[in-house]
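Colleague: Here numbering that gives the first Met the number 0 is used: the first residue of the sequence shown is 0, the next is one more, and so on.
Since the hints were made in silico from the structure, they are not lab data. These figures come from a predicted structure and were not determined experimentally. Quick reminder that beta carbons are idealized off the backbone N, C-alpha and C, glycines included.
Okay, the calculated beta carbon distance ranges per label pair:
1. Met80 x Asp33: 52 to 58 Å
2. Gly58 x Arg78: 26 to 32 Å
3. Met80 x Pro35: 53 to 59 Å
4. Met80 x Cys5: 56 to 62 Å
5. Val2 x Met80: 54 to 60 Å
6. Asp41 x Leu62: 22 to 28 Å
7. Met81 x Gly6: 56 to 62 Å
8. Ile37 x Leu66: 32 to 38 Å
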Amino acid sequence: MVVCACGRTAIIRTSWSNYNPGRRFYSCPITGSDCPFIDWFDPPMCQRAVAIIPGLLRGRNNLEHQLREMEQERARIRRRMM
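Modelling step: build the complete structure from the supplied sequences, incorporating the hints.
Modeller: Quick look at the structure:
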């Protein structure tokens, strides 16, 4: 069990920054607290992964956005057909 600086059981979160994409870390369970505690759960990523993962995430996010737009358009077309 990992305890944060304010005495609570730390939780595992995931970093989505460009420098640590997908890397998990321990932090205070209180979101927005002033507790400064952070400790890495995962080891550092290799530079190739750090360079590649953000682009893959952007591509996935773009595809998810396109899918939502297509689903909305499909729903509009179905409503017109009824």
